[in-house]
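Q: Residue numbers (my numbering), protein chains in the order written: chain A, 1 to 258; chain B, 1 to 271; chain C, 1 to 274; chain D, 1 to 317.
Accuracy of the hints is not assured; some may be wrong.
Stated by the list, open to error - Partial pick of chain D residues on the chain B-facing surface, computed with a CB cut under 10 angstroms: (1) V24; (2) G34; (3) G38; (4) L80; (5) M138; (6) S281.
Source of the hints: derived by calculation from the structure; they are not laboratory data.
We put the CB at the ideal spot given by N, CA and C, even for glycine.
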Amino acid sequence: MTLLEARGLDKTYRRSGNPVRAIRCIDLSVASGDRLGIVGESGSGKSTLVRMLAGLLEPSFGQVLYRGNPINGANREQLRELRRGVQMVFQDPRSSLNPRMRIGDIIAEPLFSPVQPRSIRAHAVERVAELMDLVELDDVAPNVYPHELSGGQRQRVAIARALAPAPEVLIADEAVSALDVSVRAHVLNLITDLVATQNLTLVFVSHDLTVVRHLCDRMVVMRDGVIVEQGRTEAIHANPTDDYTARLLASVPRLPGH
Amino acid sequence: MKRAVLWAGATLVALVVLACLVSVAWLPTDPNTVGTPTLAPPSADHPLGTDNLGRDLAARLLVGARSCLLVGVVAVSIGAVIGVPLGIIAGGSRGVAATVLMRGADIVYAFPALLLAILLAAARGHASTFTAMAAIGLSTIPAFMRVTRSAAVDVLAQDYVMAARGAGFGLGHIALRHVLPNVAPVVLVQSSSAFGVAILAEASLSYLGLGTPPTTPSWGRMIYEAQSFVYSDIQLAALPGICIAAAVLGFNLLGDGLRDLLDPTLREITR
Amino acid sequence: MMLKVDQLTVRFGRRTTPAISGIGFHIDQGERLGLIGESGSGKSVTSLAVMGLLGDTARISGSIRWKGEELVGRSDAHYSRLRGAAMGMVFQEPMTALDPTMRCGRQVAEVVRLHAGADRGQARAKVLEILATVGLADPERIADSYPDELSGGQRQRVLIAMAMVNSPQLLIADEPTTALDVTVQAKVLEELDRMLANTGAGLLFISHDLAVVARMCERIAVMYRGSIVETGRLDQVLGNPQHPYTAGLIATADITSAEPGSRLPVIQDFWRQS
Amino acid sequence: MRTLKLLGNFLICLAVASVVVFAVVNLLPGDIAGVILGPNASPESVAALRERMGLDEPLVMRYVTWMGTLLSGHVPRSALSGAPVGADIAGRFAVTGWLVFFGMGVAICLALPMGAWAALNRHRPSGWLVSGFAQFGMAIPAFMVGICLTIIFGVKLRWFPANGYVEASTSVTGWLSHLVLPSITLGAVQGAILVRYVRSAFVDVLRTDWFRTARSVGWRRWAAVWRHGLRNTALQLVTVVGLQVGSLFAGAIVVESVFAIRGIGTYLLQNVSNRDLPVVSTIVLMLVALVLVVNLLVDLSYGFIDPRLRNRRRLGR
């Protein structure tokens, strides 16, 4: 069952100076249960693509479909459904949490969204406790502020917030790139467990091929707004067909003897 | 060092506020009754002596604190109540709306408080505390707009705003729950320094006779009237001068102290 | 011994806990030492201390000897003569490391004329030569461009050119390729390797990425919360790390060895944080 | 291209400013003629004045005539005497112009070195001292500074004339000596405000990565500030000067009354007290226009200071 789909997506930024075409007519579909990796260097358009999939960015052309129905344009109901079913985690732990809110309120906030049924607001407190357990933050009190937490802990709060409305699809945009190597392993293990236990469909964006290889079973390689290669992660790592992918794989520095 | 600035500012401001409260509750004598002895040295019933018309200096200084705080509070609230929302809107909007708002701010910037007060005083035929407050208040709006807008732009670029949109929240919720609380510290700092500016402006206006009318004592006017006695009775001009300087310094230091307290980016290891 | 650092301790302002304490290492002519550690381990403070670029609030104790001559406590005038001549430095973020209002060629030429005193003509020639050596395809155009007209990779090469133009004996590189794309990083590391070999310069390479450090250096020092927990030859340290934290770092650094989807080793499996 | 946009911008702001001035004077409740002649004027004289000033015509017409006279180069007549005031205004503008010019000079000469010093020594007591001194300077109202200087230098030490003004045409030394104390007063107050902006502009520069790069290639601190710092701080400082111009003119008006200088400030205050509305609104508009002109010059100067903007055209090829 295809959950998220991009049909002929195109995006041009018209900031000052000359316009930049970030996405060039992309088709992509994410089926339920997929663990899709989107790999690309800076400027490849991978973040722009997922922001459009999450309905946070208007495409210049083309459509984003959620459960078969297009979300942009007039029908608000479809967008509301996407807001319930798709949640996102961002890269920088320092800017993904409101510094003036306690983490308990941050995690609970999505429950009070207008797109959610009023009924789930009733037991928000229990839900927060449950979520904090889920993301291994049980040793942290819900009334602390983000600046009192480490990078890894902050990222786990962001994940708990994303899971609060029990979404079907979790989009992670460079979710571990800003973390220290030692903390990264924790968060990757957490994501692997959550995808399994919460039967989430994962869309994981990263510039780091080794992380994508570990987390995702299917992968897409992007360059200058175009998908240059697509397929099973193992197959692409074994023998990449596109030479850009080959160069990408060859450039990853390897530890000697490993 | 940072704490010292905050405490110094807070104590000075507290002194001015205290003087204002005391003047409401108790005055040594009525500040406006003319009488003898004139230019008297400090004595029992005139703790700070009297001025050239025999009016009690201490009472006039206390009441002066009242008018200075009054103008400051009203002017700063005009600036904040109008400037902050406009700043947030300008920060949040793209294209025409943002430029129109900021162009408007540039135009009001070109009208310093004094010019506005002159225009209002001339148009209404007489100067009054109202025209002074209105003029100073209007002139503080652009500064509030500019400060709030840049803070709002920073906040709106943060991921937690994107996450809130992703969870389905509209601009209203985002403005109230995310933008305002994170803009508040900047506005607080701006209000404090704007207060200092407002006091200075009010003093200048009343010195030129464009502020609080002569019937109510104000520090600026007191200095104007004491000008011709400055060689013989320096304290007539010096005391109100010190009061103004103390009040303005107090609010400026408070502003700096708050900025250091609330500004997390002060840690630095190089250069 | 070219550079010898001994018992180096740095505190900032009134904070009692030192940013780095008891740091000791040495780099001989042409030698390359890697400094590996996570954020907050003090590796950048160490590199800036060696360059004497810590701000006024820094209180430094211990010794930094450059060719037998003590640098800690020396005047800024003395230190400035070394910077850009005997020692060069490259930083992490190329996008903000060049003066936005000055052409790139002129910024490199300044370094030449500051130390070598060459006149305008000679400097221009030297600049074009060094820009070519760092692998920039069209040195003429790059020299005449402003920083915001160049990509991150190009800017980082201009910065390397500025650091290496007077052929320093020691290059200090603080995460020079962390902000670059993987493909650009591979090329820049290769060019850096070649330049250092040609000039025979020593290298102090700072990074959080063990694989990158392994590619550039033959000896590494592992830093954790302001102190060096282990030093040694690269193959020894990677082969059998002595300190549990090093073992944890090596295990977590290489996630390709774990089965995709399986549980990754975490640092707590090796090292219980005190 | 950029200059055209800025010019267009300037004209729009000027037009809107003139409407604001006109609106403030004409839209407020109360009859203008009554205000001008004062409460005890006879109804006939009020009616006559209304007729002469054409107050009964529709608002738009009066705005057009007002602007028409201004744009065609001469100034509306005084409502009271009916005499042309153009010459007066021009003469007095020159006086204030010089005061503001010298005042700005003093302010910049004070603020640049003090601000830079306070920034570079922000962690040392000498830096705090300078910042503290500026903090005090900001808190003392201009007229207090004026009075103090008059007492000390004017009356007691007799170094400079305590007040008054001498035309440069009559005696240059007299002209200059009369301007010393007022310019220092105006300069000191504005300078104190500028010090804080200069200091924060330099601190911003000191915290940039490219300043650290300059230090890492061997530039001494002050040399790095001179070669790389000045141009980048100039951008921020020019903006601040643009913003300060308004309060600079306001300061000049106060200083003129302290030193009894026959500048546009005192003239304006006279007209306010005898409620000569047309003259007041014209002078206010002129002052606002002057501030807008300075802001325009500030925006234009960005092109010279920051070469990247200038060569945008080159980039566009």
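Q: Evaluate each hint against the coordinates.
A: Structure-based check of all given hints:
1. V24: Hint on D/V24: holds, closest Cβ of chain B at ~5 angstroms, below 10 angstroms.
2. G34: Holds - the Cβ of D/G34 comes within 10 angstroms of chain B, reaching about 8 angstroms at its closest.
3. G38: holds, 8 angstroms
4. L80: violated, 13 angstroms
5. M138: Holds, about 6 angstroms.
6. S281: Hint holds; D/S281 Cβ to chain B Cβ min 7 angstroms, cut 10 angstroms.
In the structure shown, a violation is registered for the earlier hint numbered 4 alone.
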